[in-house]
Every structure is written in C-alpha cells, then in structure tokens.
Amino acid sequence: MSDQTTSGRVLAADGTPLKTSLARALRRQKLRALALIAPLLLFVLITFIAPIADMLFRSVENQIVVETLPQTVSALADWDPESGDTPGEDVYRALAADLKIAAKAKTHTRLGTRLNYELTGASSLFRKSGRQVKKMDLEGDASIKDAFIKIDKDWGKPDIWRTIQTYSPRYTNGYFLNAVDMQKGPDGPEARPENQQIYLMLFGRTLFMSLMITGSCILLGYPVAWILANLPARSANMLMILVLLPFWTSLLVRTSAWKVMLQQQGVINDVLVWLGLVGDDARLVMINNQFGTIVAMTHILLPFMILPMYSVMQTIQPTYLRAAKSLGATNWTAFWRVYFPQSVPGIGAGSILVFILSIGYYITPEIVGGNTGTFISNRIAYHISSSLNWGLAAALGAILLAVVLLLYYAYDKIVGIDNVKLGG
Amino acid sequence: MTPMKTILTTTALTFAAGFANAQDMAKDMTLVSWGGAYQKSQDLAYVQPYLEMHPEVSATWDSSSNEAVAKLRAMNEAGNVTWDVVDVVASDAIRLCDEGLAMEIDPDTQLAAAPDGTSAADDFGDLLVSDCFIPQIVYSTTAAYRPDLLPADAPAPDSICAMFDMETYPGKRTLEKRPINNMEWALLCDGVAKDEVYDVLATEEGQQRGLAKLDTIKDQVVWWSAAAEPPQLLADGEIVMGTSYNGRWFSAIEEQGQPFKMLWDAQVFDLDGWIIPAGLSDERKARALDFIMFATDTQRLADQAAYISYGPARASSAPLVGQHAELGIDMAPHMPTDPNNAKNTFLYNYEFWADYRDDIDAKFQSWLAK
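Here the protein sequences come in this chain order: R and F. Note that full-length UniProt numbering numbers the first sequence so that position 257 is 257, with each residue one more than the last. Note that full-length UniProt numbering numbers the second sequence so that position 314 is 314, with each residue one more than the last.
Since the hints were made in silico from the structure, they are not lab data. Even glycine gets a Cβ: it sits at the ideal position worked out from N, Cα and C. Possibly wrong hints are sitting among the right ones.
[As the list claims (entries may be wrong)] DEER-style ranges, computed between Cβ atoms: (1) V271/R - P147/F: 53 to 59 Å; (2) A325/F - L272/R: 29 to 35 Å; (3) T249/R - D236/F: 19 to 25 Å; (4) D131/F - L272/R: 53 to 59 Å; (5) G125/F - R131/R: 36 to 42 Å; (6) A193/F - K150/R: 27 to 33 Å; (7) G191/F - L252/R: 40 to 46 Å.
Sequences and hints are given; from them, build the entire structure.
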C-alpha cells in the first residue's frame with residue numbers, strides 16, 4: 001500500500017506516523033476542552049481548594065517560635081531539659097537580644113499567645129518581659145539571667161524553656177496530638193490528663209448523632225417520598241411545596257421554633273400535662289440535650305433526604321409491582337423484593353447528603369444542644385472565633401475531613417458509589 | 001506684595017489648607033458593634049451627632065462584634081482591613097493588641113480631656129486595661145430571679161450563693177457556657193475569701209474545687225451562649241434564676257415590665273469599648289481618631305446612658321447621667337456602678353484570664369460534656 005513505509009508503520013497524508021498525528025489531534029482536543037473549563041477550574045482552585053489547603057496547613061505550621069526567637073532557639077539546642085536546671089547565661093543573653101527585636105516589632109505578645117496554648121502563663125510572661133527587656137543593658141557585666149528572673153520567677157524554672165525547646169521546630173504535630181486528647185511529653189506523645197480530654201468523645205458523639213439523624217431522616221422521609229411519587233402530579237406538586245417550605249424559612253427561626261415546642265414550659269409539655277399524661281412537676285426534658293438536637297436537625301435536613309428519594313422513586317415503573325403481584329407476591333414481598341431494591345440509590349444519595357451535612361453542622365447544636373448535644377464543629381468554631389487557636393481548629397477540621405473521606409470510601413466499597421442517584 | 005496679591009495668596013492658602021484637611025480624612029467609616037439595643041444607643045448618642053457635625057462623612061454599621069477577633073485576623077492576613085472602628089469587650093481588645101491587630105492609642109493626645117481639664121488617662125483611670133483599648137461603658141454580668149417561681153416561704157435571695165442553694169431555691173437556673181465568672185462564684189460560695197479567689201483558681205486543686213461546686217447544680221443548669229436567652233428563659237418560666245448582662249435585665253424589667261428582681265450581689269464588672277484596627281491608611285486612621293476623640297468625650301458617654309443602662313467609663317461622665325430617653329426614669333439607680341448595686345463586686349480579671357482561659361476552658365468543657 002502506498003501509505004505504508006518499509007518499516008510497516010502507518011503514515012498520515014503529510015508523512016508523519018499516523019499514531020503521532022492522532023495523538024496530536026487528540027491532545028489539541030483535550031487542550032481545547034481544558035481551555036473551556038479553565039475559568040471554572042481556576043475559580044474552584046483559587047476560591048475553594050487553596051483556602052482549604054492553606055487552613056489545613058496551619059495544623060502543622062509552627063514557624064512563629066523560631067522566627068521570633070532565632071538566637072534563643074539555636075542557643076537552646078544544647079540544653080538538656082532532663083537536667084532539671086535552667087539553661088546558662090548565654091541562652092538568657094540570646095533571649096534578651098531576640099526579645100528586644102520582637103518587642104520593637106510587637107511580635108513578642110503574639111508568641112506569648114501561641115505558647116500559652118501549651119503552657120499556662122506564657123501570655124503574661126511574654127507581655128511583661130517584652131515591656132521590661134527594652135531597658136535591659138546587654139553590654140554590661142550584670143547577669144542577664146538574674147535580670148530575667150527578677151522580671152518573673154517563671155524564667156527561673158525549666159518549664160518555659162522546655163516548652164520553647166519542644167515547640168522550636170518549624171513544623172509540629174502538637175496540634176494534632178491535642179486534637180486527639182494527647183500531648184507532647186518528655187518521652188514522646190502521651191495521653192492528656194483525664195479532666196482535659198474531650199475531643200475524641202466529641203468526634204464519637206458527632207458520628208453517632210449524625211448516624212441517628214440520617215436514620216431518622218430515612219424512616220420519616222421514605223414514606224413521604226413514596227406518597228409524593230405515587231400521587232397524581234397535581235396533588236404531588238402541592239405536597240412538594242410543603243416539603244420545600246422549610247427551605248424558605250430561616251434556619252434560626254426553625255431552630256428557635258423547636259425550642260418553643262420542646263422546652264419544659266413549651267407547647268408539647270403543656271399539652272401532655274393538660275391531657276394528664278405527665279405530671280406538672282415531672283415535665284419532660286426534651287431540649288438542650290441529644291434528643292432535642294436530633295429532633296431539630298432531622299426536621300431541618302429532611303428535605304435533603306426526601307428530594308433524592310423522590311426523584312429516584314419517580315422512575316420506578318408501577319408495572320413492576322403489578323407484575324410481581326400477578327405472579328403471586330404479597331404486598332409486602334412485592335415491596336421488599338421488587339420496589340425497595342430499586343429505591344436504594346435514592347436512599348444512598350439522601351443518606352450521604354444528610355450525613356455529610358449533619359457531621360459539620362454548627363448552629364443548631366449550639367442553640368439546642370445543651371451540654372450533651374454539642375458537636376465537634378462547636379469546638380472548632382470556638383477555637384476559630386474565641387480562643388484564636390487556629391492551629392488546633394485546623395487539626396480538628398483535618399481529622400473531620402479525613403473521617404468523612406474514609407466513610408465515603410467505605411461506602412463506595414460496601415454499597416458502590418455508582419449505586420447512588422440524585423435523579424433519573 | 002500688593003494687597004490684592006496678599007488676599008489672593010491667603011485665599012489660595014486657606015483653600016489649599018481646607019482642601020488638604022478634607023483630603024486627610026476618609027469620608028466613609030465602617031463601624032462595628034453588637035447590633036440590637038446597644039448599637040442603637042451608640043448610634044443615637046454619638047454617631048448621629050458626629051454625622052450632623054460632618055455632613056460629608058457617611059457611616060456604615062456592621063453588627064459583627066461577636067466574631068470581630070477572628071474576622072480582624074482574617075482581614076489582616078488578607079491585607080485588606082475594611083473596618084475603621086470596632087467595638088469589642090476588653091478581653092478581646094487585649095487579645096487583638098497582643099496579636100498586633102489593633103492600633104496603640106495614646107490617651108493624652110488622642111482622647112479628649114475632661115471638661116475640668118483632667119487628662120483622659122486620669123479620667124478613664126484603671127479602665128485603660130490595654131494600650132489599644134478605648135473604654136466606653138462598664139457593664140456587669142449579674143443575676144436575676146422570678147420571686148413568684150421561688151417557694152413562698154423562702155427568704156428573698158440576697159447573695160449569689162442562692163444560685164448554688166438547691167434546697168431553699170429549687171428549680172432550674174441558667175449560667176453562661178464558659179468558665180469565666182462561674183468559677184469565681186463557685187469558689188466564693190464554696191467558702192473561699194473574695195480576695196483569694198484568683199490565687200485559688202490558679203491551682204489545679206482550686207479549679208477542681210470550683211468544678212466540684214458547679215457539679216452540685218449541673219443537672220439543673222441550662223447553659224446560655226447568647227445574653228438574650230436568660231431573660232427569655234426566665235419570662236417563659238423555664239428557669240427560676242439566672243445570669244445575664246445588667247442591660248438585658250434592665251430592658252426586660254423596665255421596658256417590658258417582666259416580674260423579675262435583680263440580684264446585684266457579686267456582679268462582675270466588665271468593659272466594652274473601641275479599638276482601631278492596625279494597618280489602616282493614613283486618611284482612614286485620621287478619620288477614625290477624629291471620631292473616637294468625639295465619641296468618647298465626657299458628654300457623649302453620659303448621653304449614651306439615656307438609652308441603655310450601662311455605666312459610662314469616664315469618672316467625669318457619671319454626674320451627667322440623666323433620665324431614660326423614652327421611659328423618663330432616672331438612670332443612675334440602674335447603673336451597675338451605683339453605690340447601692342455595687343456593694344459586693346468583682347472586676348473581670350483580665351490578666352488572669354488571658355493566661356488561664358485556654359487551660360480552664362479545656363477543663364470546663366470536658367467537665368460539661370461528661
């Protein structure tokens with residue numbers, strides 16, 4: 001053949017090998033496709049991925065110690081914290097030099113706040129020392145060590161030095177250890193004292209309650225979706241508005257309404273007392289605890305369960321059920337063996353939506369959660385907005401993200417992610 | 001120089017000077033506060049008067065004070081601070097100052113002196129708790145109760161320890177969901193002398209002791225995180241007593257006629273005031289300072305007390321406090337600083353809590369969740 005060379009390779013019209021020519025054309029096509037999605041890709045990268053990555057990076061970042069106290073950190077490298085002694089005069093001299101610079105730039109208090117997360121008292125120690133170190137004379141022969149101990153006797157104890165040395169590397173696992181109720185001890189990671197442990201318990205509670213909420217959404221949502229899918233379009237649309245109505249009401253209003261309903265002097269308790277089912281002195285406690293949180297969040301997240309279920313159920317042919325029954329199946333068998341398996345993709349989609357939304361929910365548990373119904377997200381919010389411990393908040397967030405991804409992976413392995421449909 | 005020329009030059013110079021002055025200050029200001037009645041009192045007492053004096057300026061309110069610290073940090077990191085004057089509580093001001101997010105203020109040159117010539121530093125006195133903080137008001141966290149919900153034969157509560165006395169005063173209570181204030185009261189009612197409270201609280205045993213005292217009422221406490229909750233809970237009869245800010249109680253009792261009684265014993269004074277964010281451009285900084293100078297002078301702080309029952313932070317403002325703008329009642333007896341109300345008080349210990357907040361909060365939350 002004319003377009004075949006002696007080596008047997010297929011050539012295109014211009015003489016290049018066909019394979020290369022095809023690949024080039026394909027690459028051009030791919031590039032064109034990429035150029036088309038480039039605006040969206042860039043948008044997502046810049047406004048979504050980058051901030052998340054930046055936030056997660058804070059969970060290990062710890063440059064502030066070495067950047068504020070560079071000379072101290074290097075002078076302190078040889079000090080043995082096990083000795084029980086404070087470091088030598090040279091370290092104090094380095095600290096004085098570092099603090100003079102830091103106090104001028106006003107970064108010493110920032111370092112104090114950072115170290116206060118690890119050692120109570122560091123905040124005021126650095127604030128006080130920064131103010132007085134300006135007057136310190138480094139040229140003279142007087143002992144700088146004594147001068148520091150005169151400022152605050154904490155400088156004469158090994159604790160603050162141990163903390164500075166432990167947290168001098170640029171990256172630390174300290175925040176992650178804290179996020180799983182551990183701390184850096186002299187011999188590596190160790191458990192925190194029991195009266196400070198909270199995060200593992202909160203992670204567990206968040207997962208448990210999210211599962212409960214997902215479960216109750218399935219139980220309540222399935223019949224509603226079934227009715228919606230099987231009614232004539234006119235009445236189905238009317239009912240659909242009722243399902244969507246909560247979306248048009250503010251989240252705070254819905255949550256506060258549950259407070260009015262469930263509190264001890266609330267509507268439900270009043271009715272129960274009036275009916276004589278409950279004594280006036282034994283009104284039920286239904287809010288500010290786990291129960292209240294589960295009820296309020298189930299209500300709020302229910303539409304996210306009903307909508308995917310409904311759109312999947314709409315596609316299930318009623319003829320299948322009729323066929324099953326004509327072949328002798330009871331109502332229950334027809335439903336359980338024929339209808340239900342076809343509706344599983346809807347349940348799967350709804351469950352993933354509800355579970356992932358509820359695992360990161362913050363405002364409803366904050367308002368109705370009391371002390372037994374709060375989530376890990378409430379602690380994350382506290383560390384972001386009140387304690388300003390963003391490193392710990394980032395570590396908690398990273399763990400939460402990892403747990404969600406892990407569960408998603410497990411779901412994919414067990415149920416199969418192809419088996420999830422949002423419609424059609 | 002001919003006379004004509006002189007006039008022309010002078011006019012030009014005056015014009016230029018006036019022009020330069022106007023250019024030195026930004027025309028837009030974003031003020032950040034807490035929203036609600038408090039922000040309204042600020043608006044009426046000094047923002048509106050300021051805008052009348054400077055018609056070229058426009059001011060925008062942003063009710064974000066409850067998350068101001070985190071937002072300011074985020075703005076600072078992004079290099080785009082959009083706020084000019086921010087209202088925060090004193091502990092947040094200290095935190096912002098420590099983080100380098102707030103500008104340092106020199107009270108002698110940047111704040112107005114009192115009418116009698118007392119310098120601003122002396123007039124504010126001890127209330128200048130941070131280099132960056134310009135105090136406005138003194139408020140207090142204090143208790144209130146519903147007499148009709150307490151047992152008829154029980155004496156009227158006169159001590160904060162009624163909160164811990166489940167036998168005499170059965171029923172639910174509400175306390176703020178944080179260790180600050182609650183730990184002090186718990187230790188006080190556990191028999192610790194008032195001037196030793198913080199020494200005890202600084203020790204591990206003292207913290208355990210405080211939590212153990214709180215543990216005796218734990219299952220009867222509804223924990224609040226927004227100060228609007230306690231008056232609502234008390235009005236609904238969900239609780240029989242609780243703590244909130246004195247201004248919230250005032251508004252429930254005097255403005256809405258709720259049958260509550262105040263329990264001023266062991267009220268904890270706290271301060272609220274302005275900070276100016278670090279890193280503003282020169283024009284915006286000049287405008288913010290000009291506003292602050294006006295808004296925190298003696299008369300303006302006294303004016304604010306006509307709209308809300310918080311005490312002015314200047315000593316010289318106290319005698320000028322008059323009547324409520326709408327109710328026409330004397331405001332002085334409703335001030336937390338009134339001698340009748342201030343028989344037994346705490347002042348929020350800023351230094352202590354700056355050091356111990358993270359530690360005690362971890363223990364408190366761990367205790368709470370169990």
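Each hint tested on the structure:
1. For V271/R and P147/F, the hinted distance range of 53 to 59 Å is not satisfied, since their beta carbons lie about 28 Å from each other.
2. As the Cβ distance of A325/F to L272/R is approximately 45 Å, the hint placing it in 29 to 35 Å is violated.
3. Against the hinted window of 19 to 25 Å, the Cβ-Cβ separation of T249/R and D236/F comes to about 22 Å, which satisfies the hint.
4. Take D131/F and L272/R: their Cβ atoms lie about 58 Å apart, and the range 53 to 59 Å holds.
5. Separation of G125/F from R131/R is about 20 Å and departs from the stated range, judged on CB atoms against 36 to 42 Å.
6. A hinted range of 27 to 33 Å for the beta carbons of A193/F and K150/R is consistent with their spacing of about 30 Å.
7. Between G191/F and L252/R the beta carbon distance is about 42 Å. The supplied range of 40 to 46 Å therefore holds.
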